Amino acid sequence: MYAFTYQRPTTLADAAAAIQAEDAKLLGGGQTLLPTLKQRLARPTDLIDLGAIPELKGIREADGGLEIGAFTRHAEVAHSDLVKRVIPALSSLAEGIGDRQVRNMGTMGGSIANADPSADYPSAVVALKATVTTDRRSIAGDDFFTGMFETALEPGEIIKSVRFSRPDKAAYAKFRNPASRYAIVGVFVAKFGSEVRVAVTGAAGSVFRAEAFETALVADFRAEALNGLSVGSDGLNADIHASADYRAHLVTVMAKRAVEAAG
Amino acid sequence: MANPNGIGASVRRREDQRFLTGRGNYTDDFKRPNMTHAVHVRSPYAHARILGIDFTDALAIPGVVAVLTGADMEADKVGSLPCGWQIHSKDGSPMKEPPHYPLARDRVRYVGDAVAVVIAETREQARDAAEMVVVDYEELPAVGSSTRAIAGGAPLVHDDAPDNVCYDWHLGDQAAVDAAFANAAHVAKIDLVNQRLVPNAMEPRAAMGEYDQSTGEYTLTTTSQNPHVTRLLMGAFVLGIPEHKLRVVAPDVGGGFGSKIFHYGEEAVVTWAARKVGRPVKWTADRSESFLTDAHGRDHVSHAELAMDADGNFLALRVSTLANLGAYLSTFAPSIPTYLYATLLAGQYKTPAIYAEVKAVFTNTAPVDAYRGAGRPEACYLIERLVDVAAGVMGMDKTEIRRRNFVPKEAMPYQTPVALQYDTGDFAKNLDIALPLVDYPGFQQRRAESKARGKLRGIGFATYIEACGIAPSNVAGALGARAGLYECAEVRFHPTGSVTVFTGSHSHGQGHETTFAQIVAERFGIPIENVEIVHGDTNKIPFGMGTYGSRSLAVGGSALVKAMDKVERKAKKIAAHMLEAAETDIEVKDGRFTVAGTDKSLGIGEIALQAYVPHNFPLDELEPGLDEQAFYDPKNFTYPNGCHVCELEIDPDTGVTTIVSFAAVDDFGNVINPLIVEGQVHGGLVQGIGQALYENCVYDEESGQLVTGSYMDYCMPRADDVPSFTVRYHEDQPCTHNPLGVKGCGEAGTIGAAAAVMNAVVDALSEYGVTHMDMPATPEKVWRTIRDATPAIAAE
Ligand SMILES: Cc1cc2nc3c(=O)[nH]c(=O)nc-3n(C[C@H](O)[C@H](O)[C@H](O)COP(=O)(O)OP(=O)(O)OC[C@H]3O[C@@H](n4cnc5c(N)ncnc54)[C@H](O)[C@@H]3O)c2cc1C
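Line by line, the protein sequences are chains U and A. 1 is the number of the first residue of the first sequence in the UniProt record's numbering; add one for each residue after it. 1 is the number of the first residue of the second sequence in the UniProt record's numbering; add one for each residue after it.
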């Protein structure tokens, strides 16, 4: 690592002030940022640790759904009785992130701010019609992810919480990268009344909705309804672990599994 | 009464207390007053000419003590890293042995090749400065794979190695093999790749050099499996330091798997630099450096053919292998694809004629050398995959074709057509134990049940034999080894009866501190707590050749027994004197010395006290003290062998393979500690499974860049990837030529597992007409294979 100044503000206002420094960086659970620093791929002057700010923590029931503070660790989401009761699919998604050490450190805010194309949470943000609240405004989940490692956040904007709607049925099916355990493909299926959302992560540069799948599932919410459907391999990611056409195939397989699991 | 911690007891590892509580003492834990830190500047190119190195800006970084380059080493007449084994080609010419300098001089030959070292007060300052070293490279075309290396017109890695060939070697009777093929009723053929692996010891390599100006003594503390070998290689060949002025310490070492056998350039750099800067110099690899610069393993491309008669009896085996040695010759690299590979191609079978050709080539990749199993997993994988193909050709059951061709127990000792003489082994017995463990007759029903759930089920067998306990020095010497391969032990009784054992064998996960102590406790009837095992320090241990090739117990343990024999012989003389009896009347059992037919006896403790307080001692006949040393040079290799069976399920929708069960039946000769043996087998199996399903070191063929340079891309097997293993061993066939009757167990799991898993994968896919798949059987590869075999299903 290069040298930096470490700050640990206790209020959101102090954090917002501190992040204005040129080349300052917010620190969540550090699971992406710290490896980046260790490899000397980034050189922030200041690290603003968000871990001592009460406003960023906690899981609450809100508008029938859930509001989860940005500095909530994956393990907390995975083990929360409230999450298990209201949106069990979200808790099982969290339980499938990385490994135990990563889940004990990584945070929801850090994950979605980072917008890794193979991260799990982005699929939930989109499928569960979430709203992302920052220190400045609210951003619809549908508008939040704008590209590979890109979001609608402005420089220095801090995520406060994420509000998820409660679906009638939902499930997340992940095909994990055997090496990193990130998603090669992850599909979050959620049914709200007559509306169905199918959000796909891992497959492309950013999370996307499989609209043809949604239409088919609105008509018939069974795995068989997806037979013969494919998102196509155009524009999908390809690497040594999975080619684009394998990913396209997996999207259909995982979508079917999610529908089956959602019941 | 049997010693509760003696031979055969599952004593818990004594060393684990310190390891599990974080109190191990690893090289990086050592801190010295005034110590500096070294960081290497490494080549980002696979192949380039060094036009110049400018480190003016680096020197200006606060805390920087020195920046040293290959030119400084050349000025100090530092030599090339030596190679410990010489192979001769078919035409009798010696292998090409281009120099391998600790810091590159005019050219870099793989990504990670060191060009300079920065020494600073702190590691971070050294890293800061290393980034400021400007190396002017002229990039050259690179060779990223062995097949590319021998393609016409490929760039040359070394100008003096035409066609990139290091050697073109062969073994066996080509004419006999050709004749057998001419008369064969059936021939099975296979083309396969044994992919390159990164060893991934948990502790990265590290080295600390020290120089004492007042005595002229150097000390190297390093992550080594064999400190004496490192002392010899570095002292004699690289730095020109005589043994009495060079101490090499290998403290706790966190795993090696072969990769820490070799003498690496960084060891020479820190030792040499310590004198130059007049301060201790420490270097510790980070994980990225480990990926780039630890010697890798495997990397073979092979074609093999098996001739059979009408009944499926093997007549002859013909093998041709292209082996990638990387950019330079690592310490034992040339021996791995030759004498540790081709000599094992008989496997457990009585194939009368075998001919193997091995072409070893240089490429712009990290050096390749021994990795757990070293040559033997490559041989086992090739034979066992080929035998499965042969079973298909013959329409025979896979266990039957094996059984028909096993070397029968009665044929032992058995001379193979590829140089080795097996002393013992009952291969049919291994299979007989394994089959009920896996309920082989019930397999078809289990397969049908899987099918009903939409899954493909496969079962795979692998039998293996390995040559361990290396090695008879004269035999190894005749085959090209440039070192002896004996082992040394010293058994020192202290006046009050406790014992310190000094062994030249080194423990870095094997558990010597427990097993070696069990052997001593058993022999002398003393509590295990009274025995201390010391290893890993050339100033304490008389001599040693170290730990690799499952040799610790077979060779190091034998040296220990010889030293204990000497102690006992002397103790007997002392006892006879003390008991006023004739030496021939003294009976010895479990450390008690008794005058035959009387109740007059002495314990070893009383004798030890007399040896050091010799008031009633035969001083005119014997020297005081009870401290004996022995060297043991093995008479033959040892031949652990076994049968592994893997059952697995494939999800055809995703291509994911899940191992359902895995049984390993092994013959390790006599077992000292069943718990440790089982642990060694478990670890070995996981590494073999890792190769079969997950691990793959990928270089870009054209650029020579390492594609899988971190755990994000290089997939290690994890606990939840493997089932609970069923492990059995039998002790019916002890080794005939070493005193403990032991064969070795460290590599067996790795050797058998990869073949068993891949045979099961291919079996599961057999309904699609699949007869072979290269490792690793990744989900995409499996899925694609299924899809390509069933166009109708894919289109659905
Ligand atoms: C071995 C390993 C395996 C992993 N596997 C998975 C996986 O399977 N699935 C998965 O989804 N993820 C995985 N991850 C990622 C991990 O779960 C974290 O979610 C991720 O690293 C980011 O979260 P963090 O809290 O650690 O953020 P940090 O690393 O601290 O920060 C990441 C980025 O977010 C910014 N940031 C942090 N908090 C906020 C905030 N409140 N507002 C605005 N910006 C903020 C930081 O400035 C930084 O740019 C894995 C990570 C590792 C190391």
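The hints are simulated quantities; they were obtained by calculation from the structure and are not laboratory data. Computed from a predicted model, the values in this text were never measured in an experiment. Cβ coordinates follow ideal geometry from the N, Cα and C atoms, glycine included. Be aware that a few hints might be false.
[As the list claims (entries may be wrong)] Covered, in the sense of this in silico footprint (three residues per stretch, anywhere, with C-beta under 8 Å from a C-beta of chain U), are these stretches of chain A:
#	region
1	82-92
2	118-131
3	707-718
[What the hints assert, rightly or not] Cβ-Cβ distance ranges computed for the label pairs, FRET-style:
#	chain 1	residue 1	chain 2	residue 2	range
4	U	Thr36	A	Pro441	52 to 60 Å
5	U	Thr5	A	Asp136	42 to 50 Å
6	A	Pro413	U	Val102	52 to 60 Å
7	A	Asp309	U	Gly205	58 to 66 Å
8	U	Leu41	A	Glu139	53 to 61 Å
9	A	His244	U	Leu41	46 to 54 Å
10	A	Ala75	U	Thr36	37 to 45 Å
Each hint, compared with the structure:
1. 82-92: Violated: only 0 residues of the region 82-92 of chain A have a Cβ under 8 Å from chain U.
2. 118-131: holds (count 4)
3. 707-718: Check passed, 8 qualifying residues.
4. U:Thr36 with A:Pro441: 52 to 60 Å: This hint holds: roughly 56 Å between Cβ atoms.
5. U:Thr5 with A:Asp136: 42 to 50 Å: Between U:Thr5 and A:Asp136, where Cβ atoms are some 36 Å apart, the hint is violated.
6. A:Pro413 with U:Val102: 52 to 60 Å: 54 Å, holds
7. A:Asp309 with U:Gly205: 58 to 66 Å: 60 Å, holds
8. U:Leu41 with A:Glu139: 53 to 61 Å: 23 Å, violated
9. A:His244 with U:Leu41: 46 to 54 Å: 47 Å, holds
10. A:Ala75 with U:Thr36: 37 to 45 Å: For U:Thr36 against A:Ala75, whose Cβ atoms are near 40 Å apart, the range 37 to 45 Å holds.
Hint violations for this structure: numbers 1, 5 and 8, all remaining hints satisfied.
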